[in-house]
Amino acid sequence: MNLFKLSWKYLTFRPLSTGLNVFLLALGLAIITVLLLMQDQFEKKMNQDAAGIDLVVGAKGSPLQLILAGVYHIDFPTGNIPMDEAQKLSRNRLVKNIIPMALGDNYQGFRIVGTNHDYPGLYEAEMQSGELWAKPFEVVLGAEVAGKSGYVVGDEFLGSHGISVGSHEHDANNFRVVGILERKGNVLDRLILTSVESIWFTHDVEGVAETNDSTGNEEIHPVLNLQDSVATRGFPKTTESRELTTLLIQYRNPMAAIQLPRLINSGTSMQAASPSFEMSRLFELLGVGITLLQGLAIVIIGVSGLGIFIALYNSLKERKYDLAILRAIGASRGQLLLLIFLEGIMLTFMGAILGILLGHTFLSVIISQNEQGVIGTLEPWVFLKKELWIVIYALVVGVLSSIIPAVAAYQTSIAKQLTKA
Amino acid sequence: MLFESKNLKYGHPGQQPLMFPDITLQKGESLLVLGRSGSGKTTLLNLLAGLLHPTTGEVKLDGQNLAAMSGQKLDLFRGKEIGIVFQKPHLLAALNVKENLQMAHFFSKKKGQAVDHLLAELGLAGKAKASVLTLSEGEAQRVSIARALATSPKLILADEPTSSLDDENAYNVIQLLKNQASKIGAALIIVTHDQRVKTQIPNFVEVTGL
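Chains as they are written, first to last, in UniProt numbering: chain X, 1 to 421; chain C, 1 to 210.
Think of the hints as simulated: they come from the structure by calculation, not from any bench. Accuracy of the hints is not assured; some may be wrong.
For lysine-lysine, the following DSS-like pairs were computed, each having C-alpha atoms within a straight-line distance of at most 25 Å [to be verified]: (1) C:Lys-98 / X:Lys-9; (2) C:Lys-27 / C:Lys-73; (3) C:Lys-80 / X:Lys-416; (4) C:Lys-88 / C:Lys-6; (5) C:Lys-111 / X:Lys-5; (6) C:Lys-129 / C:Lys-60; (7) C:Lys-109 / X:Lys-9; (8) X:Lys-416 / C:Lys-73; (9) X:Lys-320 / C:Lys-109; (10) C:Lys-27 / X:Lys-5; (11) X:Lys-9 / C:Lys-111; (12) C:Lys-9 / X:Lys-416; (13) C:Lys-110 / X:Lys-9; (14) C:Lys-88 / X:Lys-320; (15) C:Lys-60 / X:Lys-416; (16) C:Lys-109 / C:Lys-80; (17) C:Lys-98 / X:Lys-320; (18) X:Lys-416 / C:Lys-6; (19) X:Lys-5 / C:Lys-80; (20) C:Lys-60 / C:Lys-178; (21) C:Lys-80 / X:Lys-320; (22) X:Lys-9 / C:Lys-6.
All of these numbers come straight from a predicted model, not from anything done at the bench.
Assemble the whole structure, with the sequences as input and the hints as a guide.
Shown next, in the form of structure tokens:
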């Protein structure tokens, strides 16, 4: 027997009250844990996915939408831009590199991105198997896509029009898997990469019917040659007037950051948006919601602290005899003080551990509900150093809520208690 | 001389100070403290146990003056050398029978008597793991006596141990206290207004409160 065990016995002697308080505290801490994890991983992921992209150019519309669609592949593209205008831009001396992208198709919700080899190069992607595409209709799968679909190199599938599941299929040409990317925990995991030409040809074959096609063209195109190799650098070669969806631009020098966006926004039919600027704007918008949730969590923790205080204080009333008995058999005032503090601390420690586990579980549930979104790439079982602070906060709550009961225990007069009966 | 108290005086706030008769006891001796309700019997018990500090006078157990000790030192000394049997058993409800006795060992930092042996001797061997809430009143009383004996104290104080018991149980409890006290060589002081006890312990002092 020791003080620790005695505290534990008292806690388990009132399982309902103890359990309720632990659970309430855990709930508050779980919310904080989820917020911490999401904030941390979201920002990391957002920065990681936007690394190396200075400017995104696309059709006029919402700049935030352009970034979300072009960099993170979560929103709908703003529309299409003519390729000759994009090519003009690439000749600008402020532009170091330009990656063209044709968006607008999906396979079971995973987006098909027509681009060149610079795009996987931007994320330093490595091949898990196979190699990058070289011919039309050859595709490379992100690790997540490969895992979910079960496709390996050599398999074929049909893409669907649009960027959400359930749209009609492009049944004229099969995509053929030629490579699978190594999992890097970035946006590529959820993408299917192919050449811009593949996207064009897909829509060409289906012809005039798809007039509102995001990357298609209303003209009738000459018969394509599937043996031609596609462009792996720069823009695809074509003699016709074609369209792209977005361009990812890297600046040559800091001067570009000042001149280039203005040049594009006022001098062309396209718009330019900076990922870092738009994302900080987004976080500002989300910030209100996060602050609200944090406030809610703090209120819950406050209530649970109050609950622990009331539980300890009430149990103290019933236990004044017990405390007096403990003094009579040799316990010092200090030991009783410690006994009550231990109870509060053990209670909140359990709450903290449960809260953190609950938070991670919440997150993994959220993730399993959003497999194809950005949230789907978060890791639920990564533990942060900040979570140690959660434990410390909880213990502070435990100490604070046991101060008054502990002092009351300290001051209990044994003689009075024992002779009252 | 194992135990003696001299010139004890204690004043409850706002009341006339109480004077108490001197007590001296040898090893294994028993003494009754008799008196009307409200005469200060329990106050005397608290003074003897070091639960209250006398205004004047001294309480000496084994050569040490309780009245001069305070704080943790007094608590520890009480835990080690004084076993108290209260009017009601006051067992710790969160613990089982055996754990209740182990608490006495833990807080007094003294091993005293082996818990299992003590329980067997008091006819409680089968109840060691039982919750104290399932005990009958007589059993609970015996457990509280066992707790007082667990540290092999030099002084056993009992406060109205028989007040709620029938004749047979009252007899048994006093007999038990007497036997155990003489076995471990402790002095036994029983505070009571129960006249039945007089037949078993003839030695007594009376508290008049004056």
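key: Proposed proximity, Lys-416 of chain X with Lys-60 of chain C (alpha carbon, max 25 Å)   = 23 Å, holds
message = Would the hint linking Lys-9 of chain C and Lys-416 of chain X be met if the CA-CA limit is 25 Å?
response = 18 Å, holds
query = CA of Lys-416 of chain X to CA of Lys-6 of chain C, is that 25 Å or under?
reply = 23 Å, holds
request  = Assess, step by step, whether the Cα of Lys-9 of chain X is no farther than 25 Å from the Cα of Lys-6 of chain C, and give holds or violated.
outcome  = Answer violated: Lys-9 of chain X to Lys-6 of chain C is near 42 Å, above 25 Å.
message = So if I understand the rule, the pair passes when the alpha-carbon distance is 25 Å or less; does Lys-320 of chain X with Lys-109 of chain C pass?
response = 23 Å, holds
request  = Quickly compare the C-alpha distance for Lys-60 of chain C and Lys-178 of chain C to 25 Å and report which way the hint goes.
outcome  = Holds. Lys-60 of chain C to Lys-178 of chain C sits at ~21 Å (cutoff 25 Å).
task = Quickly compare the C-alpha distance for Lys-109 of chain C and Lys-80 of chain C to 25 Å and report which way the hint goes.
result = 7 Å, holds
ask   = Are Lys-80 of chain C and Lys-320 of chain X close enough, with their CA atoms no more than 25 Å apart?
value = 22 Å, holds
task = Verify the proposed pairing of Lys-88 of chain C with Lys-320 of chain X, using a straight-line Cα cut of 25 Å.
result = 14 Å, holds
task = Measure nothing beyond the straight line between the CA atoms of Lys-109 of chain C and Lys-9 of chain X; if it is 25 Å or shorter, mark the hint as holding.
result = 20 Å, holds
key: Agreement of Lys-98 of chain C and Lys-9 of chain X with the hint, judged by alpha carbon distance not exceeding 25 Å   = 13 Å, holds
ask   = For the pair supplied as a hint, Lys-27 of chain C and Lys-5 of chain X, is the alpha-carbon distance within the 25 Å limit?
value = 36 Å, violated
Hints 4, 6, 10, 22 from the earlier list are contradicted by this structure; the remaining hints agree with it.
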